[in-house]
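Participant: One-letter residues, chain by chain:
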Amino acid sequence: MLVYTLRRLLAMIPVLIAATILTFLLVDLAGDPIAPLRLRVPPVPESTIQATIERLYQDRSTPERYWIWLTGVELPGGFGANNGDVGVLQGKWGPSTSGADIGSEIGQRFIVTLRLVLVATLLSFILAIITGVVSAVRQYSITDHSLTFVGFLALAMPIFWLAALIKETGVWINLQLNTRIFFTFGATSPGYERMNFLEKVVDAGSHLILPTIALMLNGYAAISRFQRATMLEVLNSDYVRLARAKGLRNRVVMRRHALRTALIPVVTLMALTISAVLTGAVITETIFGWRGLGTYFVDSVARIDAFAVLAFVLVSGVLVVVANLVADLLYAVLDPRIRYE
Amino acid sequence: MSDLARTATPPPGTGAAAAYDAEAITTKERTQLQLVLIRFLRHRVAVISLIGFLLIVAFAFLGPELWKYDHLIHREIPADQPPSWGHPFGTTRAGHDYMGQIMRGTQQTLKVGFVVAIMSTVIGAVWGAIAGFYRGWLDSVMMRFVDVLFVIPQLVLVLVLAGMTRGTTWLHVALILGAFGWLQPARLVRSVVLSLREQEFIEAAKALGASDARIIGRHLIPNTVGIIIVNFTLVIAVAVLVEAALSFLGFGIQLPDTSLGLLIQSAQDAVFTRPWLFYFPGVFIILICLTINFIGDGLGDALDPKRATVRR
Numbered sequence: 017m018l019v020y021t022l023r024r025l026l027a028m029i030p031v032l033i034a035a036t037i038l039t040f041l042l043v044d045l046a047g048d049p050i051a052p053l054r055l056r057v058p059p060v061p062e063s064t065i066q067a068t069i070e071r072l073y074q075d076r077s078t079p080e081r082y083w084i085w086l087t088g089v090e091l092p093g094g095f096g097a098n099n100g101d102v103g104v105l106q107g108k109w110g111p112s113t114s115g116a117d118i119g120s121e122i123g124q125r126f127i128v129t130l131r132l133v134l135v136a137t138l139l140s141f142i143l144a145i146i147t148g149v150v151s152a153v154r155q156y157s158i159t160d161h162s163l164t165f166v167g168f169l170a171l172a173m174p175i176f177w178l179a180a181l182i183k184e185t186g187v188w189i190n191l192q193l194n195t196r197i198f199f200t201f202g203a204t205s206p207g208y209e210r211m212n213f214l215e216k217v218v219d220a221g222s223h224l225i226l227p228t229i230a231l232m233l234n235g236y237a238a239i240s241r242f243q244r245a246t247m248l249e250v251l252n253s254d255y256v257r258l259a260r261a262k263g264l265r266n267r268v269v270m271r272r273h274a275l276r277t278a279l280i281p282v283v284t285l286m287a288l289t290i291s292a293v294l295t296g297a298v299i300t301e302t303i304f305g306w307r308g309l310g311t312y313f314v315d316s317v318a319r320i321d322a323f324a325v326l327a328f329v330l331v332s333g334v335l336v337v338v339a340n341l342v343a344d345l346l347y348a349v350l351d352p353r354i355r356y357e
Numbered sequence: 409m410s411d412l413a414r415t416a417t418p419p420p421g422t423g424a425a426a427a428y429d430a431e432a433i434t435t436k437e438r439t440q441l442q443l444v445l446i447r448f449l450r451h452r453v454a455v456i457s458l459i460g461f462l463l464i465v466a467f468a469f470l471g472p473e474l475w476k477y478d479h480l481i482h483r484e485i486p487a488d489q490p491p492s493w494g495h496p497f498g499t500t501r502a503g504h505d506y507m508g509q510i511m512r513g514t515q516q517t518l519k520v521g522f523v524v525a526i527m528s529t530v531i532g533a534v535w536g537a538i539a540g541f542y543r544g545w546l547d548s549v550m551m552r553f554v555d556v557l558f559v560i561p562q563l564v565l566v567l568v569l570a571g572m573t574r575g576t577t578w579l580h581v582a583l584i585l586g587a588f589g590w591l592q593p594a595r596l597v598r599s600v601v602l603s604l605r606e607q608e609f610i611e612a613a614k615a616l617g618a619s620d621a622r623i624i625g626r627h628l629i630p631n632t633v634g635i636i637i638v639n640f641t642l643v644i645a646v647a648v649l650v651e652a653a654l655s656f657l658g659f660g661i662q663l664p665d666t667s668l669g670l671l672i673q674s675a676q677d678a679v680f681t682r683p684w685l686f687y688f689p690g691v692f693i694i695l696i697c698l699t700i701n702f703i704g705d706g707l708g709d710a711l712d713p714k715r716a717t718v719r720r
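Residue numbers (our numbering), protein chains in the order written: chain A, 17 to 357; chain B, 409 to 720.
Same shape as in the complex, but just chain A (with noise of 0.2 Å):
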């Protein structure tokens, strides 16, 4: 198991590798970072854009920028100088368009991100495996009809459209009330560096309740449909017949024998999950007003900034791998038939 996860793991590298080489060549092929500058009222002097060209590498070939943003490392004849700001191997995530630090950005920005995506994901979970397991239970039911109906109804509903529903809905009953019940804007309330623990805490927590209920709605649909397939196929499978022929009852025969079967293929539709929740939280966090990742990454492709551009795109590939390798590994755990070597 070890050793799998190991080569897992490291043939993640050249996964990555070909994904940025991917974005930076699209983001290349794409714009010129330097042309804002250059059109800007009154004109900025040629001094201004020789320096800000040099700054961000747009003197050097594609190839060039490409190493020198993975290595930071000048090899000898000159290919790949730099002002020693760059560098992912190293830590340091290159100069931006915007003169902020990408580093220090990011990583900010990566923790109200991750705690937005995983409250999100993990809640839908437990959301979609209750009404799949109940709608499986329950089969052409009443109940099944509506559950299924509301999972078609997600998977049709654009997610800013519920976002903006939302987030409006709860600034009307603020207003109706006179009192502040749902926070609507930003992730966090000002002054929230100078709270402890607990404050900090309930803080986020109240910030995180109307953005998670609409980006739950991203994976919830899928995960409830596929728990509930799977569901049924264990109901109609033998070895649950036999349970019941037993004479077991109807409880035990669900809990022990059905459910305890039916959860384990969930865990595949982690990574799709993870990755849906990623994309949805760009437009969540927009609707809101969060500062996370990907209000960050709007603005970067906004500015043409292709370090920064790459920066998210390598963090949140690297979400995506590694939830990946962790459904592969607990679908391992929970089902004694798959070996890893």
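Incorrect hints may have been included.
Stated by the list, open to error - To give an idea of the interface, some chain A residues facing chain B are shown, with a C-beta separation under 8 Å as derived from the structure:
| id | residue |
| --- | --- |
| 1 | 34 |
| 2 | 42 |
| 3 | 66 |
| 4 | 180 |
| 5 | 208 |
As the list claims (entries may be wrong) - Residues from chain A that keep clear of chain B, each with C-beta distances beyond 12 Å, as calculated:
| id | residue |
| --- | --- |
| 6 | 57 |
| 7 | 74 |
| 8 | 89 |
| 9 | 115 |
| 10 | 116 |
| 11 | 138 |
| 12 | 154 |
| 13 | 183 |
| 14 | 196 |
| 15 | 198 |
| 16 | 272 |
| 17 | 302 |
| 18 | 310 |
| 19 | 345 |
Hints were generated in silico from the structure; no laboratory data involved.
The model shown is predicted, which means the values in this text are computed figures rather than measured ones.
Backbone N, C-alpha and C define an ideal beta-carbon position, used for all residues, glycine too.
Chain B: place on chain A using the hints.
Facilitator: Chain B only, in chain A's frame:
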């Protein structure tokens, strides 16, 4: 086979006369298409959805020809009117007739959805079939490429391209979405092809001296058509949602043209003050995706009768 058994027992309510004709019915020859059609028509929700979807398509493509206002600002249109007979969906502050805008927006959204679905289905089917048929290193290389693209969240790829190229028309948006929409179909088709290629009819085709291109084009891909069609509908729904998200973030279709996502974006703080601006585009997106998903569900059951008992 299963259809023979089913037609032999007449559905309740058709009376005794039908029972006498049972033999006549079973001997009637039916093409594959007819069988699929019959099974699809039996799926009531799917049929209702199909009708609803066709109505939406008609609304989007024929509506603008018939309705007196288009999606642009007109001076004679009063500002901020709630829905009325003259303006069934109300008007905006700037002086748009909202029904005209919704028609246009739905049209652009649907156009994007169809182009994306066609692109991703064609690319995905060919990619998956080639990878699955040849196996070996070609398969590894092709599927690793798909894996790499899967690592990056799809919205990220699309946003990078859309944000940087400033795609302004629906075709831009459609091409960008289509360029990355084929990953899932490719995986799906490959997995089916992997099991098909081991079957006897492929061996027979090889023995007859058929070329690889012919085997892929005439034998493998046609046998995956059922899955491809169902996936086609799913891709439309996803594309509609992603296009709306793109427009919402400001990287999609640009003013003065419009799309459903753009309409929601400009109405996002009007939920309680001018609700018609917020709800109509949202409801249209939901209706499009909902009907498409149900149609896909019905088609899935119709094309693969074994699946009908355990859905999705």
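Participant: When the hints from earlier in the document are held up against this structure, which numbers fail?
Facilitator: 3, 5, 13, 17 and 18
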